[in-house]
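Chains W and H, in that order, give the protein sequences. Numbering (the numbering used here) for the first sequence: 1 to 530. Numbering (the numbering used here) for the second sequence: 1 to 530.
Since the hints were derived computationally from the structure, they do not count as laboratory data. Please note that a few of the clues may not be correct.
Treat identical chains as interchangeable: a pair holds within one or across any two.
What the hints assert, rightly or not - Derived BS3-like pairs: lysine-lysine, alpha-carbon spacing no greater than 30 Å straight-line:
#1 428 with 474
#2 331 with 428
#3 40 with 89
#4 234 with 333
#5 375 with 228
#6 372 with 228
#7 217 with 131
#8 516 with 506
All values derive from a computational prediction rather than experimental measurement.
Number of protein chains: 2
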Amino acid sequence: MSQSISTSAPAAKAAQGVPTSSKKAKETQQFTLKTPKGTKDWADKDMIIREAIFSKLTSLFKSHGGVTIDTPVFELREILAGKYGEDSKLIYNLEDQGGELTSLRYDLTVPFARYVAMNGIANIKRYHIAKVYRRDQPAMTKGRMREFYQCDFDVAGSYDSMVPDAEIMNILVSGLTGLGIRDFKIKLNHRKILDGIFQVCGVKEEDVRKISSAVDKLDKSPWEAVKKEMCEEKGQPEEVADKIGEYVKISGSLREVLQKLSSDPVLMANESAKLGVEEITTMTDYVEAFEVDKYISFDMSLARGLDYYTGVIYEAVTEQSAPPEDAAEKKEKAKKSKKDEEDASEYVGVGSIAAGGRYDGLVGMFLGTNSKGKKAPSIPCVGISFGVERLFSLIKQRAQLADKIRASSTQVYIMAFGGGEGWNGFLKERMTVASQLWKAGIECEYLYKAKANPRKQFEAAERSGCPIAVILGKEEYPQGQVRVKVLGTGNEKEDGELVDLSDLIKVVSTKLEELKYDGMDDVTRLLAGL
Amino acid sequence: MSQSISTSAPAAKAAQGVPTSSKKAKETQQFTLKTPKGTKDWADKDMIIREAIFSKLTSLFKSHGGVTIDTPVFELREILAGKYGEDSKLIYNLEDQGGELTSLRYDLTVPFARYVAMNGIANIKRYHIAKVYRRDQPAMTKGRMREFYQCDFDVAGSYDSMVPDAEIMNILVSGLTGLGIRDFKIKLNHRKILDGIFQVCGVKEEDVRKISSAVDKLDKSPWEAVKKEMCEEKGQPEEVADKIGEYVKISGSLREVLQKLSSDPVLMANESAKLGVEEITTMTDYVEAFEVDKYISFDMSLARGLDYYTGVIYEAVTEQSAPPEDAAEKKEKAKKSKKDEEDASEYVGVGSIAAGGRYDGLVGMFLGTNSKGKKAPSIPCVGISFGVERLFSLIKQRAQLADKIRASSTQVYIMAFGGGEGWNGFLKERMTVASQLWKAGIECEYLYKAKANPRKQFEAAERSGCPIAVILGKEEYPQGQVRVKVLGTGNEKEDGELVDLSDLIKVVSTKLEELKYDGMDDVTRLLAGL
Chain W
1 MSQSISTSAP
11 AAKAAQGVPT
21 SSKKAKETQQ
31 FTLKTPKGTK
41 DWADKDMIIR
51 EAIFSKLTSL
61 FKSHGGVTID
71 TPVFELREIL
81 AGKYGEDSKL
91 IYNLEDQGGE
101 LTSLRYDLTV
111 PFARYVAMNG
121 IANIKRYHIA
131 KVYRRDQPAM
141 TKGRMREFYQ
151 CDFDVAGSYD
161 SMVPDAEIMN
171 ILVSGLTGLG
181 IRDFKIKLNH
191 RKILDGIFQV
201 CGVKEEDVRK
211 ISSAVDKLDK
221 SPWEAVKKEM
231 CEEKGQPEEV
241 ADKIGEYVKI
251 SGSLREVLQK
261 LSSDPVLMAN
271 ESAKLGVEEI
281 TTMTDYVEAF
291 EVDKYISFDM
301 SLARGLDYYT
311 GVIYEAVTEQ
321 SAPPEDAAEK
331 KEKAKKSKKD
341 EEDASEYVGV
351 GSIAAGGRYD
361 GLVGMFLGTN
371 SKGKKAPSIP
381 CVGISFGVER
391 LFSLIKQRAQ
401 LADKIRASST
411 QVYIMAFGGG
421 EGWNGFLKER
431 MTVASQLWKA
441 GIECEYLYKA
451 KANPRKQFEA
461 AERSGCPIAV
471 ILGKEEYPQG
481 QVRVKVLGTG
491 NEKEDGELVD
501 LSDLIKVVST
511 KLEELKYDGM
521 DDVTRLLAGL
Chain H
1 MSQSISTSAP
11 AAKAAQGVPT
21 SSKKAKETQQ
31 FTLKTPKGTK
41 DWADKDMIIR
51 EAIFSKLTSL
61 FKSHGGVTID
71 TPVFELREIL
81 AGKYGEDSKL
91 IYNLEDQGGE
101 LTSLRYDLTV
111 PFARYVAMNG
121 IANIKRYHIA
131 KVYRRDQPAM
141 TKGRMREFYQ
151 CDFDVAGSYD
161 SMVPDAEIMN
171 ILVSGLTGLG
181 IRDFKIKLNH
191 RKILDGIFQV
201 CGVKEEDVRK
211 ISSAVDKLDK
221 SPWEAVKKEM
231 CEEKGQPEEV
241 ADKIGEYVKI
251 SGSLREVLQK
261 LSSDPVLMAN
271 ESAKLGVEEI
281 TTMTDYVEAF
291 EVDKYISFDM
301 SLARGLDYYT
311 GVIYEAVTEQ
321 SAPPEDAAEK
331 KEKAKKSKKD
341 EEDASEYVGV
351 GSIAAGGRYD
361 GLVGMFLGTN
371 SKGKKAPSIP
381 CVGISFGVER
391 LFSLIKQRAQ
401 LADKIRASST
411 QVYIMAFGGG
421 EGWNGFLKER
431 MTVASQLWKA
441 GIECEYLYKA
451 KANPRKQFEA
461 AERSGCPIAV
471 ILGKEEYPQG
481 QVRVKVLGTG
491 NEKEDGELVD
501 LSDLIKVVST
511 KLEELKYDGM
521 DDVTRLLAGL
């Protein structure tokens, strides 16, 4: 939908802070009318669906005692530093315009940890629905954007082991099933088990994070490629990589994998792995109480890229999460054809639709030392982040959705019928009636024309989707009467019910009640697949 | 609330995209834990009040047939260029990291015009609630921020003269009164009248915009200062400035000022001024039909800084909008004391709480030429923008508000009472009950402890503000029974009603109904001053 346009010379001047003195000067400078790469406008029915997703998740978060916060879209650059591992290169920086150095937030987790530390909060359950920014390769139709929404729920505070973690699993499952998504699984792993595996396989302490990053690529690349990265780029001996390869193949139900790991004496001799297995054992009890264990696949290949995780990690995936089978081929082809890689949708999957984990050290990174030089203890945290654009791209595929959704929610279209001598179109009269309806909380519209014929007004009413028309007749209105007509019944020829103006609000309210018209409710039901 | 902290060496390394290998290294680098200048975190009850403002305005916009859109937080830099006059220097730019040059949006109007042009939209009523960014001197307690929300409603399309403009006045009045703000007035003027005044006073065509900028400062500075700017900085002869001075003093009710202007033969001989007066005359008819004329003060000193307005302009102000009487003195003192000018709250007012106008040329600036080299006609637009932070700072002053508001909205606190031998705290049992309540849509919480004594649980329930407790007794629960207890009645010693587990949902729902508990409804009523 982009098009070339010419901008005016004063425009270019004003960009440098120089005021312009005439709007009419012309220049030949051309630029494309578009949004920045990896971003898009949201409008119309898409917007309604997305708002319904927000509303659904907000109710869910609130029902678990969540309170909401809002942090600035940019943070001091130091706040974000050292939190994202290799992905730090994807952070958007703001220009140094003489002031603080700032960057757009990369997720909602680090700003949350900063908020908890800054305000000395001991415990909180907070949710936050907001945009985050990553200078990644976009794949727009798959919902992989540079600007995208995250819906996060996090629990901060010292509690009994794995209690909030299990509740997060409950929220994850309710969130997805509540949006009508049922064919998902939750891959789950534990950073301490993973660290233990690397240790018993012979990875040096200082190499653990980078080997973890390599394992993180297993959802996109085959083992052979990951092994190559470990050995060639990351300097591991082949036998170390092969040993890791055996472990990361392990996956299955929680009880199955726990059984397997517990009976591995080498692994159980490792303190970190042992602690991780104990925690997952406790958690398994709780997710069984919540009856959400069946969604969980305990998967040793899940590593999660971010630096800050310290305990259980998880991500929810669907079949569409994986890249297409011929992804490598398509990617190669795209490269060769040298076409502008605007969009990687062809050769990537949707990715995970929700993800999170435990991060017990992050708040501590922001805490100072007290007067005795002793560092304040960190606040343990665990959370989940829903990727709304990715969920949206799955939900949008339910084709029947779009038909039933209206972008606007007006209920009454006000018309005036007349003609002949002295007919002024009753514009002020329509305004007066509209004003009364608005005051009574009834959504209404009318055509912004002084005089309009009935056909034009009916067409506009149909476009708006209003279920009811209020008609001001040339003779009837001066007698204090209007007609109320239910639209979309096929009986468009009928005149509608003649009503005293003083009864209008009552009659319209009753008719709306009868029609049970509630647009957003419809959408929410549709979302849930009901 | 800021504090100095030390960050770790790996953090600094990772900021350059280098992965870190150890989380424990220390360094001495110090930075302050804060949000960037002019921004703040929102949380707790403030957040509830702000969300209620959004919700109130959203309903209003929808009731006038508005549909919503969402545009990216940054736009291509060329899109913003040449739209904001002298204020262009306040735009935040993103760093050039090898890609497109982009800037944070300065308002929601220019992105809206870009959207309309890009999608070839002929008419739309859209609302948009989102953050905008201005590198201005912040005055935090007055709600003047660098990152702040705007709530915009705009009508694009060719309609009969002044019909949407009058509806915007209706929305402005309903929006403010609906938020319990009643002591406001709407200053209104017309760019074409103002241009006409400048012309008849002898200002040259190319000086009109900069003289308009000078007049725009009349709400903050006395006429003498503005006159000095016109003569000394902007090169106008003194007699020209004096003539302008006579005109910009004119203000009063719509009918009064229309009468005065219409009877000024010099001004009426000017085509631009005449057209403006005709439009305001038409509009006056309509705002009288809406019964909102009494809020409007037709004020020749209102100029509005932005370049893109072409017709009627307006802003809503309250007593707190003006700077304090001793503003100049305080500002001087602040400068002399050389303290870091973090906050200008002491010597500025709240400013306008809502503002807007007609901008018929803006969409056209983004439209291209067709194949015959003919420029596409622009789409006329008119709109209003509510400044939420400023509204918030007014609403927050109603002290009684805060007491009645809860930040969370959970309704049931689940507890377990027991003790003695074999008592395990019923954690899994509490989870099972919570799970049932959540599935029934009932918000609930429980303490994240395996075992907790009754006192701790009651304290937590009180902190959460839940109106109801569900209590699992050591003997009762295994018999399939729990107790349901209404909290906050003063009768904390009573045991509560013994209920079969199978009836729990029904009993809790009935009790909540009886209590008529709906947190958000309360807030909305309070906001409206009811």
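Hints, one by one, checked against the model:
1. 428 with 474: within (13 Å within a copy, 70 Å between copies)
2. 331 with 428: Neither, since 62 Å and 49 Å both go past 30 Å.
3. 40 with 89: The answer is both: 22 Å in one copy and 26 Å across copies each meet 30 Å.
4. 234 with 333: within (28 Å within a copy, 61 Å between copies)
5. 375 with 228: Intra 41 Å, inter 58 Å, cutoff 30 Å: neither.
6. 372 with 228: Neither: 49 Å inside a chain and 59 Å across chains, both beyond 30 Å.
7. 217 with 131: Answer is within; shortest intra-copy Cα gap is 25 Å, inter-copy 35 Å.
8. 516 with 506: both (15 Å within a copy, 25 Å between copies)
Checked against the numbered hints listed earlier, the structure breaks hints 2, 5, 6; every other hint is satisfied.
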